[in-house]
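Please model the entire structure based on the sequences and the hints provided.
Protein chains: 2
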Amino acid sequence: MRKELASLLSEIGRRVIPTPAERRRMEELSSALLERTQKTVETARLDGIASLQGSMAKDTWLHGQADLDVFVQFPPSVERSEWTDRVLPLLRKEFNDYQVIERYAEHPFLELITIDNVRVNVVPCYRVEKGKWLSATDRTPYHKEYMNSKLTEETRLQARLLKRFCMGIDVYGAEIKVGGFSGMLAETLALYYKSFPKLLVSAGQWKTSSVIDIEGVYEGRLGEARKKFQDNPLVVVDPVDPERNLAAALRSERLWSFVAASRELLERPGKQFFYPGPFRPRTTADIRRKMRLSGADILAVSFQHQEMVPDILWGQLYRLEGALTELLERNEFQVVRSKVWSDEEKRSAVLFELHEASLPPMVVRQGPPVERLTESRSFIVKHATAKDTVRGPWIEGERWMVEKRREFRSADDFLRTVVGARKMNISLPSHLEPGLSNRARYLLNEKIVQLVGTDRGFREAFWTFIEGKPRWLKAS
Amino acid sequence: MRKELASLLSEIGRRVIPTPAERRRMEELSSALLERTQKTVETARLDGIASLQGSMAKDTWLHGQADLDVFVQFPPSVERSEWTDRVLPLLRKEFNDYQVIERYAEHPFLELITIDNVRVNVVPCYRVEKGKWLSATDRTPYHKEYMNSKLTEETRLQARLLKRFCMGIDVYGAEIKVGGFSGMLAETLALYYKSFPKLLVSAGQWKTSSVIDIEGVYEGRLGEARKKFQDNPLVVVDPVDPERNLAAALRSERLWSFVAASRELLERPGKQFFYPGPFRPRTTADIRRKMRLSGADILAVSFQHQEMVPDILWGQLYRLEGALTELLERNEFQVVRSKVWSDEEKRSAVLFELHEASLPPMVVRQGPPVERLTESRSFIVKHATAKDTVRGPWIEGERWMVEKRREFRSADDFLRTVVGARKMNISLPSHLEPGLSNRARYLLNEKIVQLVGTDRGFREAFWTFIEGKPRWLKAS
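As you go down the protein sequences, you meet chains P and S in turn. All letters in the first sequence, in the order written, are residues 1 to 476 by the numbering used here. All letters in the second sequence, in the order written, are residues 1 to 476 by the numbering used here.
The hints are simulated quantities; they were obtained by calculation from the structure and are not laboratory data. Incorrect hints may have been included.
Claimed, not checked - Computed cross-link-like contacts, SDA-like style, restricted to lysine to any residue with a CA-CA straight-line distance of at most 20 Å:
(1) K404(P) / L473(S)
(2) K469(P) / A386(S)
(3) K177(S) / S252(S)
(4) K130(S) / V78(S)
(5) K387(P) / W394(S)
(6) K474(S) / S410(P)
(7) K177(S) / W394(P)
(8) K469(P) / E267(S)
(9) K404(P) / E396(S)
(10) K469(S) / V390(P)
(11) K404(P) / S252(S)
(12) K474(P) / T464(P)
(13) K271(P) / A384(S)
(14) K382(P) / S252(S)
(15) K404(P) / P470(S)
(16) K290(P) / A384(S)
(17) K207(S) / R372(P)
(18) K290(P) / K387(S)
(19) K387(S) / K404(P)
(20) K339(P) / W394(S)
(21) K474(P) / K387(S)
(22) K382(P) / L473(S)
(23) K469(P) / V363(S)
(24) K404(S) / F465(P)
(25) K474(P) / S378(S)
(26) K207(P) / G397(S)
(27) K207(P) / R399(S)
(28) K474(S) / T389(P)
(29) K198(P) / R372(S)
(30) K474(P) / A386(S)
(31) K474(S) / W394(P)
(32) K339(P) / E396(S)
(33) K290(S) / D388(P)
(34) K177(P) / V363(S)
Stated by the list, open to error - Far from chain S, by Cβ distances over 10 Å, these chain P residues were calculated:
(35) F95
(36) A105
(37) S195
(38) A260
(39) D297
(40) E307
Where a beta carbon is used, it is the ideal one built from N, C-alpha and C, also for glycine.
Here it is in structure tokens:
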């Protein structure tokens, strides 16, 4: 390890470990919450045991990033409805001194927000034997047990460095919005490689479908693991469940960003890999100048929607991004890149960089092969004397071809008409559909600047988009 | 057959048969030429026999289209050099009352042009048994023998109708320029289908690789014929040589034009299928208006060159067309259609219709997959801080991407620099290369009009190109 990297890591190391005061505050908070949760479950006369889980319980949380996970483990005999109907209402009442949000994953759970902005999840799960999982959260207590039996002070530090690195390069979190590295995945990697710099070196050499099997359950049959998880670009076998890939939610782009950033950090160490620093405010004039210089055509679709659970919202937003990309490309508007932004409350936007937002007046259409008699006949009847035929039909190789007048020459008009006014039969994500037809805005280039004033988050997202280069990449 | 078609064909039939006076003139001419050729061969003391071949000898020539083929058949013992060194010079002297052009195919031959513009080819070949061919022209006497033993007055008329149809729709002639139907191919089809209208019906239903085997030599094993001639879109087995496809020179486009025009003639009979009539003169203003209306970008490359045998010239021109198309498309100038024009003396041009002649200021480049360590490193070094990088690099899916400033934004500049000034290492057809660098003109849209004045043929070719629809296609 180069000296420069070593001193950087020791500096970062000092910043990621929680302070004694912070620990005290969190321990007090968590034991109070545990006690109140346990009491509430007992009031409901259910056999449930409250316990602390997550990074706090594993001592892998980061300074300034304290979130708490309180789990209630029930025996398999308890019906799910009992949680929903009997426990949840009691918990809501019990915790009325906090801001309480009801959330949904596989089953509903509560999120409490304290005055000092600590977020606490109160989540149910089943107390089952390993492998006999009844719900998605049943593995969590085993994860805690496993980590606490394996992690040392040193590997905890390495895990914290890794988590901070993932945050710094925007790949932390398995939620749909990010599709990155979960806490458990990061801890497992830290444990496997033992040292963060060694992990960087190895990650820099990962290939598609690398398999990391910390407990060696697939020893001698790695191919089997690769096949079982063949849709995932990285396989990290869950140490408490060989049937599960801890990296199942990791999207290709996040994995390869991690790989590229690992190499880059080794070659050109810098604090920005861990703490990219706040976004430097950009004026509207800055933005205009940047757009002019880069010369690309940017299209923004900005719209409002109801509030949703983030995983649902982001799922819908990504589906929308895919649907609009397909729609644009089917109409010859080539999409170079795209990005989704949301305030996660009521306003979101999809940004597209287009090869060209304005297309030539005609479009070339391939017709049937001449040998197909019936199709050829209808092709000729349809196009030979049609008003919107600009040229042809002619025969090229073995096919009919024709040039038609293009219906939509500009991408914003196109989406405004097709999506906004529903002129084509397209299917849009259901929760976003209303906002896309009513008062959605389809803006091109300079006109997007009018959105920039409305939201700091959007301004940052937009700037990052037109810059189009990861913030950690400085390479010179 | 519909009445309309029947009366059209009887009208055309009257126009394609040579007049008695025409026949007399041609018979006199051919017997005089035969006699003089025979005498010359004997002067050279060679055992050669002069005979009349081709459509005149088979009585399948068209009114107003008299060309003569005089063949001299030698025994295999005669060396090719004896033709070139001894016979040709004597023939040139003998025929000094005609305009004489020396031409080359497999071996040199003479073309004589009479005062009344009859073209006469004087060609050598070998007198061999069927199948023991020594040169490409040895089959010709067998073709004549075969046709004269099979054709009747009626099938001769059908063959003439077919030839006239092929001329009318621009698919007549096996030479490289056309890549269409040879005389022998047309005669064989007429003989096979017996009636021109029946041929139209069948041709309208031809599929790729239809096999027509008039002598039934491949009976029960048509698949074998199809395999032997698998690169040809139509297979018509030569009745004097089962190893040869009479349609070997037929290009896909010509075949399918023939098929489409056959259907069209059946549905909407019209004289234009046989006699498209002279090109209606268009003014420069007409041309400008047409270009504006159709909205496409047209690029013309016009240049001079030495005089060449047509087959060589057209071979080079088509290779040039292919090379320039590839060059344009590699640089993202999408070619919709292209066409070659030549005065067949010293000036030629390639026309391109482009999707767009002017491209956006930047170009998107795909980099290596992130997992490739070395390539990724050099990609970053090369692009991350380069002056001509407009955006990125960024990671998309598993790959690096980057946007660069585009070097050539307009297609005419691009070709002028790359081809005209040889800024890239590209290979061009050798005989055309000099003319492309010196004084070649690379013109876009309106500017092409300045070429239009220089040549009636070019004006017609250019008009037809921007119209882009076969003249026979009227379909309403």
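Structure-based check of all given hints:
1. Proposed proximity of K404(P) and L473(S) is supported: the alpha carbons are some 17 Å apart, at most 20 Å.
2. Of the pairs offered as hints, the one joining K469(P) and A386(S) holds, with about 13 Å between alpha carbons and a cut-off of 20 Å not exceeded.
3. The suggested pairing of K177(S) with S252(S) holds, with an alpha-carbon distance near 14 Å, which does not exceed 20 Å.
4. Between K130(S) and V78(S) the CA atoms are separated by roughly 18 Å; this keeps the pair inside 20 Å, and the hint holds.
5. Annotation: proposed proximity of K387(P) to W394(S) is violated, straight-line Cα distance about 45 Å (limit 20 Å).
6. The suggested pairing of K474(S) with S410(P) is violated, with an alpha-carbon distance near 33 Å, which exceeds 20 Å.
7. The suggested pairing of K177(S) with W394(P) holds, with an alpha-carbon distance near 19 Å, which does not exceed 20 Å.
8. Distance check on the hinted pair: K469(P) and E267(S) sit about 61 Å apart at the alpha-carbon level, beyond 20 Å; violated.
9. For the proposed pair K404(P) and E396(S), the alpha carbon gap of about 34 Å is over 20 Å, so the pair is violated.
10. Restraint check for K469(S) and V390(P): the C-alpha separation of about 10 Å stays at or below 20 Å, so the hint holds.
11. Proposed proximity of K404(P) and S252(S) is contradicted: the alpha carbons are some 24 Å apart, above 20 Å.
12. A C-alpha spacing of about 14 Å is found between K474(P) and T464(P), which places the hinted pair at or below 20 Å, so the restraint holds.
13. Distance check on the hinted pair: K271(P) and A384(S) sit about 19 Å apart at the alpha-carbon level, within 20 Å; holds.
14. Note on K382(P) and S252(S): the hinted pairing is violated, with a Cα-Cα distance of about 24 Å set against a maximum of 20 Å.
15. For the suggested pair K404(P) and P470(S), the alpha carbons sit about 17 Å apart, so the restraint of at most 20 Å is met.
16. Our distance criterion of 20 Å between C-alpha atoms is met by K290(P) and A384(S), whose separation comes to about 17 Å.
17. Restraint check for K207(S) and R372(P): the C-alpha separation of about 8 Å stays at or below 20 Å, so the hint holds.
18. With a C-alpha separation of about 15 Å, the suggested pair K290(P) and K387(S) falls inside the 20 Å cut-off, and the hint holds.
19. With a C-alpha separation of about 40 Å, the suggested pair K387(S) and K404(P) falls outside the 20 Å cut-off, and the hint is violated.
20. For the hint pairing K339(P) with W394(S), the CA-to-CA distance comes to about 13 Å; that is within 20 Å, so the pair holds.
21. About 14 Å separates the Cα atoms of K474(P) and K387(S), which keeps this hinted pair within 20 Å; it holds.
22. About 13 Å separates the Cα atoms of K382(P) and L473(S), which keeps this hinted pair within 20 Å; it holds.
23. For the given pair, K469(P) sits about 16 Å from V363(S) by alpha-carbon distance, which is consistent with the 20 Å threshold.
24. A distance of roughly 16 Å separates the Cα atoms of K404(S) and F465(P); the hinted pair therefore holds under the 20 Å criterion.
25. For the given pair, K474(P) sits about 14 Å from S378(S) by alpha-carbon distance, which is consistent with the 20 Å threshold.
26. About 14 Å separates the Cα atoms of K207(P) and G397(S), which keeps this hinted pair within 20 Å; it holds.
27. At roughly 12 Å between alpha-carbon atoms, K207(P) and R399(S) fall within 20 Å of each other, so this suggested pair holds.
28. For the hint pairing K474(S) with T389(P), the CA-to-CA distance comes to about 13 Å; that is within 20 Å, so the pair holds.
29. Restraint check for K198(P) and R372(S): the C-alpha separation of about 19 Å stays at or below 20 Å, so the hint holds.
30. Our distance criterion of 20 Å between C-alpha atoms is met by K474(P) and A386(S), whose separation comes to about 12 Å.
31. Using a Cα cut-off of 20 Å, the hinted pair K474(S) and W394(P) holds, with the two alpha carbons roughly 12 Å apart.
32. Note on K339(P) and E396(S): the hinted pairing holds, with a Cα-Cα distance of about 11 Å set against a maximum of 20 Å.
33. A C-alpha spacing of about 15 Å is found between K290(S) and D388(P), which places the hinted pair at or below 20 Å, so the restraint holds.
34. Taken as a hint, the K177(P) and V363(S) pair is broken in the structure, with Cα atoms around 29 Å apart against an allowance of 20 Å.
35. The claim that F95(P) lies off the interface holds: its Cβ sits roughly 42 Å from the closest Cβ of chain S, which is beyond the 10 Å cut-off.
36. Against chain S, the non-interface label of A105(P) holds: every CB pair exceeds 10 Å, the least being about 28 Å.
37. Listed as a non-interface residue, S195(P) keeps its Cβ farther than 10 Å from every Cβ of chain S; the least gap is roughly 20 Å.
38. A beta-carbon of chain S is positioned within 10 Å of the beta-carbon of A260(P); the least distance is around 5 Å.
39. Non-interface status of D297(P) relative to chain S is broken: a Cβ of that chain comes within 10 Å, the nearest being about 7 Å off.
40. Consistency note on E307(P): stated as away from chain S, and its beta-carbon is indeed over 10 Å from all of that chain's, at 31 Å minimum.
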